[in-house]
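Mind the numbering: the sequence shown is residues 13 to 291 in the numbering used here, read in order.
Just so you know, the hints here were simulated from the structure itself, not pulled from any lab data.
C-beta atoms are modelled at their ideal positions from N, C-alpha and C, and glycine is treated no differently.
All clues given are correct.
Here are the simulated EDC-like cross-link-like pairs (lysine to aspartate or glutamate), alpha carbons at most 16 Å apart as the crow flies:
1. K245 with E205
2. K169 with E121
3. K280 with E205
4. K280 with E78
5. K280 with E206
6. K215 with E189
7. K131 with D161
8. K238 with E222
Cβ pair distances, simulated, as ranges:
9. N227 with E261: 21 to 29 Å
10. L87 with D262: 34 to 42 Å
11. I249 with A291: 25 to 33 Å
12. N18 with S229: 52 to 60 Å
13. R23 with E58: 18 to 26 Å
14. E261 with D191: 32 to 40 Å
15. L87 with A291: 42 to 50 Å
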Amino acid sequence: MKIVKNIDELRKDLNVYRSEGKSIGLVPTMGYLHEGHASLIRRAREENDIAVVSDFVNPIQFGPKEDLNTYPRDLEADSKLCEEIGVDFIFAPEASEMYHDRKAFVDIEDMSNNLCGAKRPGHFRGVSTVCTKLFNITGADRAYFGQKDAQQVAIIKKVVADLNIPIEIIPCPIVREDDGLALSSRNTYLSKEERKAALCLSKAIFKGEELAKSNASVSEVLEKMKEIISSEKLTKIDYISAVDLATMEDAKDFDGDRLVAIAVFIGKTRLIDNFIYRA
Numbered sequence: 013m014k015i016v017k018n019i020d021e022l023r024k025d026l027n028v029y030r031s032e033g034k035s036i037g038l039v040p041t042m043g044y045l046h047e048g049h050a051s052l053i054r055r056a057r058e059e060n061d062i063a064v065v066s067d068f069v070n071p072i073q074f075g076p077k078e079d080l081n082t083y084p085r086d087l088e089a090d091s092k093l094c095e096e097i098g099v100d101f102i103f104a105p106e107a108s109e110m111y112h113d114r115k116a117f118v119d120i121e122d123m124s125n126n127l128c129g130a131k132r133p134g135h136f137r138g139v140s141t142v143c144t145k146l147f148n149i150t151g152a153d154r155a156y157f158g159q160k161d162a163q164q165v166a167i168i169k170k171v172v173a174d175l176n177i178p179i180e181i182i183p184c185p186i187v188r189e190d191d192g193l194a195l196s197s198r199n200t201y202l203s204k205e206e207r208k209a210a211l212c213l214s215k216a217i218f219k220g221e222e223l224a225k226s227n228a229s230v231s232e233v234l235e236k237m238k239e240i241i242s243s244e245k246l247t248k249i250d251y252i253s254a255v256d257l258a259t260m261e262d263a264k265d266f267d268g269d270r271l272v273a274i275a276v277f278i279g280k281t282r283l284i285d286n287f288i289y290r291a
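Could you build the full structure based on these sequences and the hints that come with them?
Written as structure tokens, this is what we have:
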């Protein structure tokens, strides 16, 4: 396994394999890898000749009051996990390598106006820009994303389609702790009491999915989920919403593919979770 910090060096290395007709799988991450990331990396390893993991805390997707400076980082531990799985390259650039004098961005209309996009202005412009850069730098055939970030997956799929980027976007299932909490690097921020309270997110998700499958209405599902989360005193709901999975527009029924998504503050830590209902 090789750790690369320079764009030209990574391109040169990967071009050798590409010229041999070998496939490249990319797992874009912000590091501090956990089992959720590992599941994506294993799949990339299984489905491609060359596996690349980007390990980069992307500054342009953080807002001015968000946790860029405190976001957890541990390249040494990340490298160990990647080496155990059999990753070929870790791309771990500095911000100055990725953004010398940035003037160009990749933005998307409409799909970023709801859910996390509405709550975190500019977030998905940052995500779309860095992912497009990573796709161009690596020339990967496939890129793997966790479904916990479902709005991100939908937006990246649309960016790739609209900009004719020759890469396949592969969503992978949410990975959870044994007690149901969705894995997240931000879970490390939680105190013992907050960690216990955070279980209300997955409880709400599981109950909402159960109700949706039993023909409950959207309003009934969202109201029950709100009730479960609000029962925990340490929570503050950022949003609980049902949207069309393809457009990210609000949905009033379950007559199509729907994303039911939540964002909740547990103390000062903002966590997200979701389920997808398919008609």
